[in-house]
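Number of protein chains: 2
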Amino acid sequence: MRVAGILLVEDDPSVRTALELALTRQGHSVTSYATGEEALDHIRARRPEIAILDVMLPGIDGVEVCRRIRKLDQLPVILLTARGDDLDVVVGLEAGADDYVVKPVEPRVLDARIRAILRRAESATSDRITFGDLVIDRGALKVTLASKEIHLTPTELRLLLELVRHPGQVLNRRYLLRVVWDHTHVADSRLVDACVQRVRAKIEPRPAEPVFIHTVRGFGYRFSPP
Amino acid sequence: MRVAGILLVEDDPSVRTALELALTRQGHSVTSYATGEEALDHIRARRPEIAILDVMLPGIDGVEVCRRIRKLDQLPVILLTARGDDLDVVVGLEAGADDYVVKPVEPRVLDARIRAILRRAESATSDRITFGDLVIDRGALKVTLASKEIHLTPTELRLLLELVRHPGQVLNRRYLLRVVWDHTHVADSRLVDACVQRVRAKIEPRPAEPVFIHTVRGFGYRFSPP
DNA sequence: GGACCGGGTCACAGTTTGATGACACAACCC
DNA sequence: GGGTTGTGTCATCAAACTGTGACCCGGTCC
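Protein chains in written order, with my numbering: chain A, 1 to 226; chain B, 227 to 452.
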């Protein structure tokens, strides 16, 4: 079961302990603070996976804490409020929050929302990813195209997985050489190119006009779904 | 302004048209269907950026549509329901939905939630800066002007990135030669000018009156948003 | 006005880059 | 051993890129 490090900020002690207890029961590990200042002070050290912030806080309010977290980090944030006023929801989400939950909240619901957000945040690391016809199973190390299994050699597979790990990002040859091969190789070689060619020959319907692995001249290669 | 291609599935015609109108007013482009089957049939062709699904649908219900979408794709999903029962929320979110909204929903709220989800979905994979119509994605090394992709050559791109790294600052030719080119070049040449020229030709609507890259006579060039 | 200066514009040839296919060699499996 | 597979290297080719220099133009300074 997925267990998250949760940063909880809530000034009302009874609500705080109740939530902490409920979330802990769901299997999460919770660190809680009564004020935004404390939370911000410790956020770097604790490296939580998600923050749950009460909006009404003494001192800096939750929305402002959210804004400051956003400046620091990609950390997912759920805002918690007693008010259900629409305007607040808009302001909160515009501040960069990922969700907005109105108190009192059923623990199972909060837990489901936490998981939904974390699932999205980590979908980049889940076992199986689908890009149109192409399915890459990182657990089973299998690649299928239009339900037909494709055989990739170990090096080809490592290369493809590395590209897929950063969808949409351009990865340069030096980086790929370092990560996919051992760094013992000369920086200047057509090795990466040759391997990309081989992968393309296997997964691209028309290797001459690649749909998945794109060449970015002068920089490297980019995997992006069609 | 961020504009999304939204796939809307809602069987009640009056709710559907109302939502479609409201979302269109917010600047989104909406395609709507009355049933999940239709939506699933067209999802590949339309390539929406986000799906909004009513839970109560004739035939396949919204939660099931959501599950099937998840199998296909990384597409973000918002479930829409008239029921506020906690159990439904949990089931929906477990099916892989990114958010769960209870009808009737204030259009601004729905819009804010859409934007929050899209922001997360895209911030996970890219690192982009926007200057009006001009979007520069430093991770994907892609430049778009009014949503149309612009092809820049390696040197042009390096030059633009360098200018953009210091918005509002004047960078002189010697500096640009050193950073963008290797320092092996003679300081006196039309090299930088020519390259700026080429970039302008591609990204400036009217290259003769540049909006992005300004010439500062006697000093160099300055990138500043319009 | 005329010289001068800094920058804009353009075409092109030489260079760079990546695609491609062949090949050699090592590892592995019968 | 003999075949098979995987992988690094190389030569070759076409396409893309880019530095250069000639020329132009508008301001500026005597």
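Just so you know, these hints were derived from the structure itself, not from any lab. Misleading hints may appear alongside valid ones.
[To be verified] A short list of chain A residues far from chain B (calculated; beta carbon distances all over 10 Å): (1) Ala22; (2) His42; (3) Ile43; (4) Ile60; (5) Asp61; (6) Leu93; (7) Asp98; (8) Ile129; (9) Asp137; (10) Val179; (11) Asp188; (12) Lys202; (13) Pro205; (14) Arg217; (15) Ser224.
[To be verified] Selected chain A positions facing chain B (in silico; Cβ < 10 Å): (16) Val109; (17) Ser147; (18) Lys148; (19) Asp193; (20) Ala194.
[As the list claims (entries may be wrong)] Below 16 Å or equal to it, Euclidean Cα-Cα: the simulated EDC-like pairs (lysine to aspartate or glutamate) are: (21) Lys71(A) with Asp353(B); (22) Lys202(A) with Asp127(A); (23) Lys297(B) with Asp137(A).
Predicted, not measured: the structure shown is a model, and the values here were computed from it. By construction, the Cβ of each residue, glycine as well, lies at the ideal position given by its N, Cα and C atoms.
To see whether the hints hold, each was checked on the structure:
1. Ala22: 13 Å, holds
2. His42: Non-interface label on histidine 42(A) holds, nearest chain B Cβ at 24 Å vs cutoff 10 Å.
3. Ile43: 18 Å, holds
4. Ile60: 21 Å, holds
5. Asp61: 18 Å, holds
6. Leu93: Per Cβ check, leucine 93(A) is inside 10 Å of chain B; nearest 4 Å; violated.
7. Asp98: 6 Å, violated
8. Ile129: The claim breaks: isoleucine 129(A) does not keep its Cβ more than 10 Å from every Cβ of chain B (closest is about 8 Å).
9. Asp137: Non-interface label on aspartate 137(A) holds, nearest chain B Cβ at 13 Å vs cutoff 10 Å.
10. Val179: 16 Å, holds
11. Asp188: Nearest chain B Cβ is 15 Å from aspartate 188(A), so the label holds.
12. Lys202: Lysine 202(A) clear of chain B: closest Cβ-Cβ about 22 Å, beyond 10 Å.
13. Pro205: 15 Å, holds
14. Arg217: 6 Å, violated
15. Ser224: The claim breaks: serine 224(A) does not keep its Cβ more than 10 Å from every Cβ of chain B (closest is about 7 Å).
16. Val109: 5 Å, holds
17. Ser147: 12 Å, violated
18. Lys148: 17 Å, violated
19. Asp193: 16 Å, violated
20. Ala194: 21 Å, violated
21. Lys71(A) with Asp353(B): 14 Å, holds
22. Lys202(A) with Asp127(A): 21 Å, violated
23. Lys297(B) with Asp137(A): 12 Å, holds
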